[in-house]
Every structure is written in C-alpha cells, then in structure tokens.
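Protein chains in written order, with the numbering used here: chain A, 1 to 321; chain B, 1 to 155.
Quick caveat, the hints were computed from the structure, so don't treat them as lab data. There may be inaccurate statements among the hints.
To be verified - Think about it this way: if two alpha-carbon atoms lie no more than 25 Å apart in a straight line, the pair counts; the simulated DSS-like pairs of lysine-lysine are:
| hint | chain 1 | residue 1 | chain 2 | residue 2 |
| --- | --- | --- | --- | --- |
| 1 | B | K151 | A | K59 |
| 2 | A | K59 | B | K107 |
| 3 | B | K57 | A | K237 |
| 4 | A | K179 | B | K57 |
| 5 | A | K48 | B | K126 |
| 6 | B | K26 | B | K126 |
| 7 | A | K113 | B | K54 |
| 8 | A | K46 | B | K146 |
| 9 | A | K10 | A | K30 |
| 10 | B | K57 | A | K171 |
| 11 | B | K54 | A | K171 |
| 12 | A | K153 | B | K54 |
| 13 | B | K54 | A | K59 |
| 14 | B | K107 | A | K237 |
| 15 | A | K226 | A | K19 |
| 16 | B | K126 | A | K153 |
| 17 | A | K172 | B | K54 |
| 18 | B | K114 | B | K139 |
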Amino acid sequence: MSSRKTYPPKPLFLERMKKLLGKDFDNYLKILEKQPVNSIRCNTLKIKPEELLIRLENKGWGIIQPFKNFPEIMIIKSSLQPGELGRSLEHLLGYYYVQEIASMLPVLALNPKPGELVLDVAAAPGSKTTQIGAKMENRGTIIANEVSIGRLKILASNTERCGVLNAIITKKDGVSLCKKLKEQGFLFDRILVDAPCSGEGTIRSSNVTNLMWNPKTIIQLSKLQKSLLVSAIEILKQGGEVVYSTCTHAPEENEEVLDFVLNEFGKNISIERISLPIKCRPGIKEWNGNSYSKEVENSCRIYPQDNDTEGFFVAKIRRIK
Amino acid sequence: MSYIKILNKTEKARIEEQLDKQFGIKTIPGMIIMRGEERLFLFSGNLNENEIDKLEKCTFIERMGVYFAKLVDGKIRLSIEGSQILKEQITKNIFELNSSQAEEWMKGRELPIKTGVNGFLIMKHKEDFLGTGKASDEKIGNFIPKNRRLKERQQ
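I would like the entire structure built from these sequences, with the hints used as guidance.
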C-alpha cells in the first residue's frame, strides 16, 4: 500500500500568512487540513444546467448549485472514487469541466459578451478559456495563448472537448505576443491575465506547492506579472477591461503588480470594483513597509477559509483613455 | 509558411454537399479550416481572413476552432464534436444505440452489428451524439479517440 508524501508549509510562508491574516490565521490552518470540495462547471455550449443536473442525479450523485445566478456552477456532495469526475460519460462528452470554484471567478469578473474580441494571455489548461467560450456563446473571437508546448496540447484538447468554436490557439510568450499584436493594430474588448504565480492558494489540492514555495520565486514572478499586465493594458480598447488574477496570496504578486500599473498608466486606467458571488476581502494597502495606492482596495482577496475554496486574487482594470 | 488553410466558398460548398449526401446536413455555421490533407476544423469566430493573416504575422497559430470532421476517400467522418455541433441538421444515416451498445461504443470497441449499410453512420444514444462509426457487412468500426473512451469498471 502506498501513501502519498505530504510536505509541511515552510516557516517563512506561515509567518507571511500570519501577518496577512492576523486573528484569522488559525482558521486558515484548519481549512488546509480539510479535503477540498469537488466542483464542476456545466458546459452550457453543450448542455443546459438543468439537464446536466438530472443526468448527474440519476447517477446517484448529490449535487448542489450554490449560486442562484450561476446555475452552471455545481458542487458534488457525494463521495466519489479518485478520478471519477474525469472518467464519467458526461465529462468525456464535454458536458462539464472539473474546475475549482475560486478558479471560475476571474471569468465571472471579466464577463465577456458574445461578439467581443477577447485575449486569454496564459490560457492553458483551458478552464477559463472554455468558460469564456461558454459566456460568449461561441460568438466573437477568443485568442487563447500559451507559451508551453506541452500545456498547449492540453489547452487544445480541452477547448475541443468543450466545443469552443470561436477560439484561436496561439503559442508565444505573453509579453512578446502583446507587443506583436500592438504592432499589427489589434485592440481587445477584454483580456484575461491569469498570471503564472507561486500558487499559494492551491495548497489544499496541491500539497507539493509547499515544497516548491520560495521567496525568491515570488520576486521573479512579480517582475514577469508586471510586464504581462503592462503589455496587456497596452492592447485594450478604450473602455476595455483586463482581469488580472493569480492563485496566490503573496502581495508582491497581487497588489504590488496593480500598484505598478497604476503608476505606469496614471489616470488612463482605473481599478474597478467587482461583485463576485462569494466572500471577498479588499486588496491590502501596505505590505512589508511598502504602501500601495488606495485603488488596489477594489481588488478581491479570496481566502480558503472564507468560502471553503482555494485561494485566489482577482482585480479588474479598465482602460479609460 | 501557414499550415492551416481556410476553405473558400466553393471548397466549403463541396464539403456541405457531401455532408448533405451522407447525413442531410445543409449548412456549416462558420469557417472551415483544413489542416493537412484531411482534417477539418470549424471556426465560428468573427475575425476575417485579413485579420487572421495579421495574427499569423504575430505568432504561430496552433489551432482554430474545433476538429469536427475528417475526409476519408471522398467521404466525411464526423468527430464526436462534429456530430454534436451539427446534430440539429442530421436527418439520415443515424444508428440508435441501446444502453449496453452505447457503453461498448464509448469504450472504443467495434460493435458486431449487421446494419445492412456500408459506410459512415452517426452513432446516437438517447440525446447523446457519439461521433461516427463505419458500418461494414458484419460490424460497426469505432473511431472514439483513446482520451475520450470510458474506462473499464473497477472490480
């Protein structure tokens, strides 16, 4: 019999989380011990939520739709065999996508519409691209970009399984792609920058993140994230919107990045308030002696203990001029 | 050099004509993109050809839209997605599977069924469209890709 090796959080990581959370730190530690919930997103390009619900209930699965306005989001209450969600006929036919609820939030914030031109800068494995496709009802165009060839294949496989007809999949590093798109005169209605990050929010489902966590990586990622977001804002239409998201709590990868672009673009952009169907905490204004613009408070910090999800960070930036 | 080809009106009409002959499908809702000699993709995006050319100047295009059909000796075989996307228009050469046949089908197995047909059939179980099979005298050949197959039940 084999047991999976687990890695404890590093002391510096815990120290940082304690500083971020204060009195709530113990609740955070408790939720890390709890198994994450199984959630799926009904792929409305192929089936209606009410039809999928009946099919899954007929299989004996207990289903909850936690948000009245988003019936496509479903939680499986029954205990399932490992991998069962990915092996069902409904999954193989593309009727749903296995996706953590927190990971669905950036696209809810982006709120893409049919007919628009949308860029997904770092698209693999495709959870958010397929969600964008569903929101757009396959009308308009999504450019779904990914730099890694291995992840590109997973992206293509997922967009195909979900029947996303309006996506063009490209391979380039995000910063270079945005520069080239700018040279060719492309301007987008909406852009998703779901940035590569240190993944602190995914510890519940991916314990190996504890092993890989490293403060130097956070600094390197922060630089990359700033370049990505600046490049993306430059190819937004006037009135267009970028959603910037990460699955990490590190302020260097979140509020610091927003503060950087606010300094870069001044009054040409604003950080918009967003309404999400779960508990969000405002972005923080200070971290490790650095203070950030008050506008970063409009961003959303999603902690695992608040909603029994993974951790995420979501912000929406609007191009004014 | 581009390795994707957007079919022109005449080429698209030829595909539609063949789909009509085989399955009663009249119209393909979007651009048809060809990769290689036989793989057809359906793209419903609203970029025009000029904009797609511009995009190709920016980056390598890995894929446009969804793989929906394959040309096989002048005939067309629809993928799972092809059969789902075009299901409203499919009026002929449909083979209705019962539940146990559907399970075998989705496990990737050929079905030992004499249909009296030689050629491609759309496989359907209740409301699910499950791609295309190739009927011959004694069986229906299966093309469900490995990554879309049901696994054997655990004992």
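Okay, the hints, checked on the actual structure:
1. K151(B) / K59(A): holds, 16 Å
2. K59(A) / K107(B): Holds, because 18 Å separates the two Cα atoms, which is no more than 25 Å.
3. K57(B) / K237(A): Answer holds: K57(B) to K237(A) is near 21 Å, not above 25 Å.
4. K179(A) / K57(B): holds, 12 Å
5. K48(A) / K126(B): holds, 16 Å
6. K26(B) / K126(B): Judged against 25 Å, a Cα distance of about 23 Å means the pair holds.
7. K113(A) / K54(B): holds, 23 Å
8. K46(A) / K146(B): Status holds; Cα separation ~21 Å.
9. K10(A) / K30(A): Holds, at roughly 16 Å.
10. K57(B) / K171(A): Distance of about 12 Å is within 25 Å: holds.
11. K54(B) / K171(A): holds, 15 Å
12. K153(A) / K54(B): holds, 23 Å
13. K54(B) / K59(A): violated, 48 Å
14. K107(B) / K237(A): Since the Cα atoms of K107(B) and K237(A) sit roughly 48 Å apart, the hinted pair is violated (cutoff 25 Å).
15. K226(A) / K19(A): Satisfied, since the Cα-Cα distance of roughly 24 Å is no more than 25 Å.
16. K126(B) / K153(A): Distance ~31 Å between K126(B) and K153(A) Cα, so the pair is violated.
17. K172(A) / K54(B): holds, 15 Å
18. K114(B) / K139(B): holds, 6 Å
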